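**Q** For the protein sequence lines, the chains are C and V, in the order given.
Here our numbering is used: position 5 in the first sequence is 5, and no number is missing along the way.
Here our numbering is used: position 208 in the second sequence is 1208, and no number is missing along the way.
These are computed hints drawn from the structure, not numbers from a lab.
Zero decoy hints are in this set.
In silico negatives: residues of chain C with every beta carbon more than 10 Å from chain V:
1) Thr11
2) Ala21
3) Arg33
4) Thr41
5) Ser99
6) Arg107
Computed from the model, here is a short list of chain C residues facing chain V with C-beta under 10 Å:
7) Leu49
8) Pro51
9) Lys55
10) Arg90
What you are looking at is a predicted structure, and each value in this text was computed from that prediction instead of being measured.
Note that CB positions come from ideal geometry on N, CA and C, so glycine has one too.
Take a look at the letters that make up each chain.
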Amino acid sequence: MSKPVDLVQGTLDLLLLKILALEPLHGWAISQRLAQMSNTTLQVSDGSLYPALHKLELEGWIRAEWRTSELGRRAKYYALTASGRRHLEREAQNWERLSSAITRIVRLKEA
Amino acid sequence: MFWPRWVLSLAVRVRGVWRSRAERDLDDELAFHLEMQARANQRAGLTEREARFRAKRQFGGVEQSKERCRDVRAFGWFEDLVRDVHYALRTFRRSPGFVAVAVLVLGLGIGANTAIYSLLNGLLFRPLPVPAPGDIRYLHTLSTRRANEIPQAAPHGTSLYLAEHNDAFTGVAQVEADQAKIGSVLQPMRVIGERVSTNYFDVLQVRTAQGRTFIASDDLPGANPVLIISDRFWRQNLGADPNVVGTTIDLRAQSFVIPFYSAHHCVYTIVGVMPPGFNGVADWLGAADFWAPIRQRAADSLDQRREDGAGSASARVEDVMGAAIVARLKRGLTDRQAEPAVLAANQHLHDEDLNDPRLRREKRILLYGKQTAARSVRGRGGIIPERLAIALMLVSTLVLLIAATNLAGILMARGVSRRGEIAARLALGAGRGRVARQLLTESLLLSLAGSAAAFGLARLFIGLFMAHMPSNLERTSYLFTTAGDVQVDPRALLFTVALGVAAGVFVGLTPALQALRTNVLPALSGGPGLPATARSRVRRWILIPQIGLSLVLLLVAGVLVRTLILAEHVDRGIEPEKVFHATFWLKRLPGDWTDERRRAEGERNRAVRARIFEKVRQAPAVKQAALTDVFWMSLNQTSVVTRSDFGLGQNHWVSSSTVSSGYFETMGIPIVRGRAFDVRDTPTTTPVAVVCERLADQLWPGMDPIGQYLAEYDPKYPGAEPTWRQIIGVAREVKRPGQEERVTRSLYTPLEQSSAWATNIVVRGRATADEVRQAVMSAIADAEVEVEISSAATLVEDIDRALYPRRLATAILALSGLLGLLLSAVGLYGMVSYSAAQRVHEIGIRTALGAERRDIVMLMLRDAIVALGVGVVSGVVLGYAGMRIVSSLVVGLPALDMVTLVAVPALLCAVILAACLLPAHRAARVNPVEVLRGL
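Produce the entire structure from the sequences given, and follow the hints as far as they go.
**A** Following this line, the structure appears as structure tokens:
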């Protein structure tokens, strides 16, 4: 297995928003989903996860709600807001453009 | 993170003290995560304990994570703010011209305003710099017999009574205006101060900046005389000596026996210096520079009277300790509740007066109240009439409004030009709210910078004005009150800064709101953002009030300036250049003042003055000299009668003066009929007099006044047979500066035929006034007699001093008007140039399609001209109304001044058009090829 890649803050935001776009989740579930979906290529330390979530909440892109969890105790569930959805779209587009540009260059055959 | 770690952890720890809900939530959230992970670990096969341990390790640092979450919450908005500020500063660096203009506009607008408010506040309203000034009350007495009398002091007994028999005041103190002379006899200086009870400062609740205030023992009989001085006095007269406390100063008094000067000295020890800005409460003589205990001063004046031979041995100190009463109402009490105490004091006063034979005929009452803002309960209050001051404040507010609309225009134009940048930021993912916040931060920064500039400018303006104020050379003209310390009034500054910031924020909202609505794509590609009609509509909305306001300002200012200039050049009836005058008094020889003594002193006086006069006349720098008994600016009222009046019992009031021959030549007063006094008029020849034209017309209408007779006589006090004087000449009217509207009827009688004391010498010099001054001073010094000069000035200085208030008003108005014009021109220049920058593509296309340069210029100017037209029309209409209002406030203005009404708008149009032509021309010179390539 390849070494996990460290994520830059901005891209982490993008991933979190995308994950929450699919369905509302609490923090632990998000962390599990992230590892799952990237085939564990991407590793986010849990210590960085929560500050990132709180930041997104502050910016108004996600909304938090306390609900009773499967454990019986309460947990904080996050969901995407409308402005978050818009932000996600923009960010995703930018990412597409950026990554395709980089990919093109990297794939250039050496003469 | 640039905050030091310890600050952060401190903040966190502080917050940790209160286990707020946010904290509990954070704990719960992370605890939940750990538990879920532990369970997952258990399912994978670990024991419970191991699972928990492993979960913690997998998480990383729990506490650190919590801290980072807290940071996000706590400092999120603060970080944003700092980032906004940095971004704003970078933006400013890129366009320094714009920033300079914006800051300048705001700085001038707010600064000029603050300066004017502070000056007017300091010169006119002079608020009492004590805590809770609204609780201060004053009591004076008023005689019920005579109407229109100036309020007088309350007797000492009444003050004591009130102090002891009241429960409405926290303290009752006495204060009375006082004056003294310091310095040498040849260069005395008059200082104004107050004599106060020792609890005065306690009642006012003010403390000294150095030394101490009075204590009760300072005013006991026989105590060492002590003095407290003002900050201004300490700086100007004592050179801000840091060891001033403990030094002594000799206060000499005004003589009781005119025209001799008092030789009485009293040495006071300075025990304290008041902080700057405090100049007492007794306003009737002027701003106070010293405070002395009342009993001490009273005892002093009794001693002086005795020394001068005018006192009576039986006089009591308490009798001369009358003073106004100043009291502090207890917090929360109304005047109603103070009434019983005041009524009781009134009764006490009445009872006391009954015992005093002099006062039994008059009934006095105690007047109680707050002093008004104009503080002219006694005397004449401030330098500038209140209504004029209000007019001036309105004018300066107009300037501020112009500056505000200017700034609005500039910021809006800039907002339009930054659409591209804003669109780019939005495309890169910034939230609209963030962008709007950032724009607001920019406006706020500009406002703050402008306010800082304003503060500096205000101090500069005030400093300039204070430096040009005429100095405090005596001559007791109660119409002229010297000003206390004028500093930048904190309230005025706060108000104008708040206004400036509000204007900045409000104006910054528009581009911010624009940003929220920007369509990213078209803005990014550089096309026109707003439709053309919206653009010009918005621009006109800003321009028109600006032009209108400037015009109103200039019209009002123009009218007043013209009038003031006319007033300055009016024919005064004298030729003031190179004329110097001095008042000097001899020292009286000791002894009782009997009639015999009076005659002897009169002789000695005459001899000494004649000697000095001759010396002065012979000095080479002197062309002409004369003697007179009154200072030319004062009005000595006398009652006169003509022969026909005498029979009818009528009389006329005139202002008379006794002058030596040569007076008219020295002063430059033309004699229009007959002759002036000369050697023919001696004590043995016919008594003669000279009248002024207006008086002649009034006394003998239609007849030749030469040869007529009049006498100084008051039918109310018939005494000996009046001395009839023959009129030998008619002189031109003398218009005293500052009183041009006043009708003065002047009568002149020759010194040789009168027993008046000639205390003034008037000298016309050949060269400069300073040389004349020197000549007079050395003549007096040579006379080897002790002489005190109580005032010395040139006529030009007198005129300057009297005209100062009007000149101040003119200067303020003219500057405000010009400022308004400058701001408008700058604003409109900015608008046209930004508009030109915006419409570069359009211009390029038009030029490519064949438009002439002139057409382009006209296109650029069209909006400006329309705005100018509407602005000028509305400005003229409003300005006309303003002119009418101002003419009703100030005496001596013509009702309608066509010249100003036409010239000023023309000037405004010319300046503004010139300002707009520059950028318009530049726009027209755009190369269409380059522009089109950019599309």
